[in-house]
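Trainee: What follows is the residue order along each chain.
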Amino acid sequence: MRIALTSSGNTSGSPLDERFGRAATFAVYDTDSKQFEFHSNTKGVETSGGAGIQAAEAVSRLGASKLVTGHIGPKAFRALAAAGVEVYTCAGGFTVAEALEELLAGRLQRAGSADVEGHWV
Amino acid sequence: MALAAERSVVLADCDVEEPDCRIFIKGEVRSSELVNLPVPVVEEALCTACGECSRFCRYHAIVSLGAAAMVFPELCHGCGGCMMVCPSGAVTETVRRIGTMDTLTNGCVTLLEGRLDVGVAMAAPLVRAVKKSIPAGSLAILDAPPGTSCSMVATVVGADAAVLVTEPTPFGLHDLALAVETTRILGIPFGIAVNRAGPGDALVDEFCAREGIPVLARIPDDRRVAEAYSRGEPVVEALPEYAGLFRSVLENALALSPGKAR
Numbered sequence: 001m002r003i004a005l006t007s008s009g010n011t012s013g014s015p016l017d018e019r020f021g022r023a024a025t026f027a028v029y030d031t032d033s034k035q036f037e038f039h040s041n042t043k044g045v046e047t048s049g050g051a052g053i054q055a056a057e058a059v060s061r062l063g064a065s066k067l068v069t070g071h072i073g074p075k076a077f078r079a080l081a082a083a084g085v086e087v088y089t090c091a092g093g094f095t096v097a098e099a100l101e102e103l104l105a106g107r108l109q110r111a112g113s114a115d116v117e118g119h120w121v
Numbered sequence: 122m123a124l125a126a127e128r129s130v131v132l133a134d135c136d137v138e139e140p141d142c143r144i145f146i147k148g149e150v151r152s153s154e155l156v157n158l159p160v161p162v163v164e165e166a167l168c169t170a171c172g173e174c175s176r177f178c179r180y181h182a183i184v185s186l187g188a189a190a191m192v193f194p195e196l197c198h199g200c201g202g203c204m205m206v207c208p209s210g211a212v213t214e215t216v217r218r219i220g221t222m223d224t225l226t227n228g229c230v231t232l233l234e235g236r237l238d239v240g241v242a243m244a245a246p247l248v249r250a251v252k253k254s255i256p257a258g259s260l261a262i263l264d265a266p267p268g269t270s271c272s273m274v275a276t277v278v279g280a281d282a283a284v285l286v287t288e289p290t291p292f293g294l295h296d297l298a299l300a301v302e303t304t305r306i307l308g309i310p311f312g313i314a315v316n317r318a319g320p321g322d323a324l325v326d327e328f329c330a331r332e333g334i335p336v337l338a339r340i341p342d343d344r345r346v347a348e349a350y351s352r353g354e355p356v357v358e359a360l361p362e363y364a365g366l367f368r369s370v371l372e373n374a375l376a377l378s379p380g381k382a383r
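From first to last, the protein sequence lines are chains E and A. Per our numbering, the very first residue in the first sequence carries number 1; after that it's consecutive. Per our numbering, the very first residue in the second sequence carries number 122; after that it's consecutive.
What the hints contain is simulated information worked out from the structure, not anything from laboratory work. Any given hint could be a false lead.
No more than 25 Å apart at the CA atoms, straight line, and that leaves these computed lysine to any residue pairs for SDA-like [stated by the list, open to error]: (1) K43/E <-> V216/A; (2) K43/E <-> H198/A; (3) K66/E <-> A376/A; (4) K43/E <-> A188/A; (5) K66/E <-> L155/A; (6) K253/A <-> V216/A; (7) K43/E <-> F177/A; (8) K43/E <-> E173/A; (9) K34/E <-> K253/A; (10) K66/E <-> G187/A; (11) K66/E <-> M204/A; (12) K43/E <-> K253/A; (13) K43/E <-> R176/A; (14) K43/E <-> A189/A; (15) K253/A <-> A126/A; (16) K66/E <-> F94/E; (17) K43/E <-> D238/A; (18) K66/E <-> A170/A; (19) K43/E <-> L366/A; (20) K43/E <-> A126/A; (21) K43/E <-> V192/A; (22) K66/E <-> A188/A; (23) K43/E <-> V206/A; (24) K43/E <-> D296/A; (25) K34/E <-> M204/A; (26) K34/E <-> L103/E; (27) K253/A <-> D238/A; (28) K66/E <-> K253/A; (29) K66/E <-> G172/A.
Based on the provided sequences and hints, a complete structural model is requested.
Mentor: Next up, the structure:
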């Protein structure tokens, strides 16, 4: 299984990026190989709008079936649901590795809906 | 300016997020129409989730995930590109209401008022709809949104001349410099009208001299103008002595584009 986490940097020690659509980087952890890979989200950071939707597509293309992030908006949530990606929200202050630990230990709540308002509309 | 023109003019209120010309141009509503935007619908049975539509759409209004493409109409600018690139004919069109356009007449002035629906963030397509309704060959004054955003560009693009209205303050000058840069890129001849002229004019004058921009008019910082405005009375009616000044803004603007003057 592949797990995506929003990261503010390119190591597992980087703080979890609480933003989804405009997160700096997507960290992807493979539970079989127990390895992290890091994918820059430049497209999402620079887009004028629809960043959450773009990020949902990126995460889905990276083959993730679970996502850990700080907050999730309504359009991103809808897109992730269509892609079959489960969303888990994590409080701030965790590194990517710690947030992964929280998830694997079953301490993160699965989001049933968006937890923040969308931008623009 | 429209009321001082002494000739037939079309006044198009393109500041569709906060149209205000109607406060001053009172008249009978001749027509009222809805403005719609074409937005895609996906026939799920035909969609192969190939992702062509999603790759095409720069606004992320259509995204290909899972079994079928998914549409976010509130992000769609209505270009129709997704429909054209879909190889399986799964994308068709429906409409989404974004606002209204009313036509009013008051003497020589025909007012076209675009009004964006509350909660809709899609001003430029409504501006384009208003501009499309301007009868060919008429003298049209377009009230542009402030700033240099998409809706300002959508209003100004294609104009024969532009009047940039500024106030002689450091804040006003900052925004003026951005508007000057934008209007130059659009290749439209322009001049400047200084509103609330008085102390501080040197700021604007130095800028205009340095940039070689003509000052078309100075509207004095007159408390009576503000009082009339706050009562919803056109300045040129409450204070007829201003009619010549406002007419000169129009005449000077027309002189910027002599080939096109009507």
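Trainee: Please go over all the hints and tell whether each is borne out by the structure.
Mentor: Verification of the hints:
Annotation: proposed proximity of K43/E to V216/A is violated, straight-line Cα distance about 29 Å (limit 25 Å). Taken as a hint, the K43/E and H198/A pair is honoured in the structure, with Cα atoms around 19 Å apart against an allowance of 25 Å. Using a Cα cut-off of 25 Å, the hinted pair K66/E and A376/A is violated, with the two alpha carbons roughly 64 Å apart. The suggested pairing of K43/E with A188/A holds, with an alpha-carbon distance near 24 Å, which does not exceed 25 Å.
In summary, the hint linking K66/E to L155/A is not supported, as the alpha carbons are separated by about 43 Å, beyond the 25 Å threshold. At roughly 18 Å between alpha-carbon atoms, K253/A and V216/A fall within 25 Å of each other, so this suggested pair holds. Under the criterion of a C-alpha separation no larger than 25 Å, the hint pairing K43/E with F177/A is consistent with the structure, at around 14 Å. At most 25 Å may separate the alpha-carbon atoms for a hinted pair to count; K43/E and E173/A meet this at roughly 18 Å.
Distance restraint check for K34/E and K253/A: the Cα-Cα separation of roughly 59 Å exceeds the 25 Å cut-off, and the hinted pair is therefore not satisfied. Annotation: proposed proximity of K66/E to G187/A holds, straight-line Cα distance about 15 Å (limit 25 Å). Restraint check for K66/E and M204/A: the C-alpha separation of about 32 Å exceeds 25 Å, so the hint is violated. Between K43/E and K253/A the alpha-carbon distance is near 34 Å, which puts this suggested pair outside the 25 Å criterion.
Only pairs whose Cα atoms come within 25 Å are accepted, and K43/E paired with R176/A is accepted, the gap being roughly 13 Å. Between K43/E and A189/A, the direct Cα distance comes to roughly 23 Å. Compliance with the 25 Å bound is thereby established for this hinted pair. Between the alpha carbons of K253/A and A126/A the distance comes to roughly 22 Å, so the proposed pair stays at or under 25 Å and holds. At roughly 17 Å between alpha-carbon atoms, K66/E and F94/E fall within 25 Å of each other, so this suggested pair holds.
Among the hinted pairs, K43/E with D238/A is inconsistent with the structure: their alpha-carbon atoms are about 30 Å apart, more than 25 Å. Proximity of K66/E to A170/A is assessed by CA-CA distance (about 21 Å); at most 25 Å being required, the pair is judged to hold. At roughly 50 Å between alpha-carbon atoms, K43/E and L366/A are farther apart than 25 Å, so this suggested pair is violated. For the hint linking K43/E to A126/A, the alpha-carbon distance of about 49 Å lies beyond 25 Å, and the restraint is violated.
The straight-line distance between the Cα atoms of K43/E and V192/A is roughly 20 Å, inside the 25 Å bound, and the hint therefore holds. Taking the CA atoms of K66/E and A188/A, the gap is about 18 Å. The hint holds against a cut of 25 Å. For the suggested pair K43/E and V206/A, the alpha carbons sit about 22 Å apart, so the restraint of at most 25 Å is met. Our distance criterion of 25 Å between C-alpha atoms is broken by K43/E and D296/A, whose separation comes to about 29 Å.
Between K34/E and M204/A the alpha-carbon distance is near 42 Å, which puts this suggested pair outside the 25 Å criterion. About 14 Å separates the Cα atoms of K34/E and L103/E, which keeps this hinted pair within 25 Å; it holds. A distance of roughly 19 Å separates the Cα atoms of K253/A and D238/A; the hinted pair therefore holds under the 25 Å criterion. Our distance criterion of 25 Å between C-alpha atoms is broken by K66/E and K253/A, whose separation comes to about 48 Å.
For the hint linking K66/E to G172/A, the alpha-carbon distance of about 22 Å falls within 25 Å, and the restraint holds.
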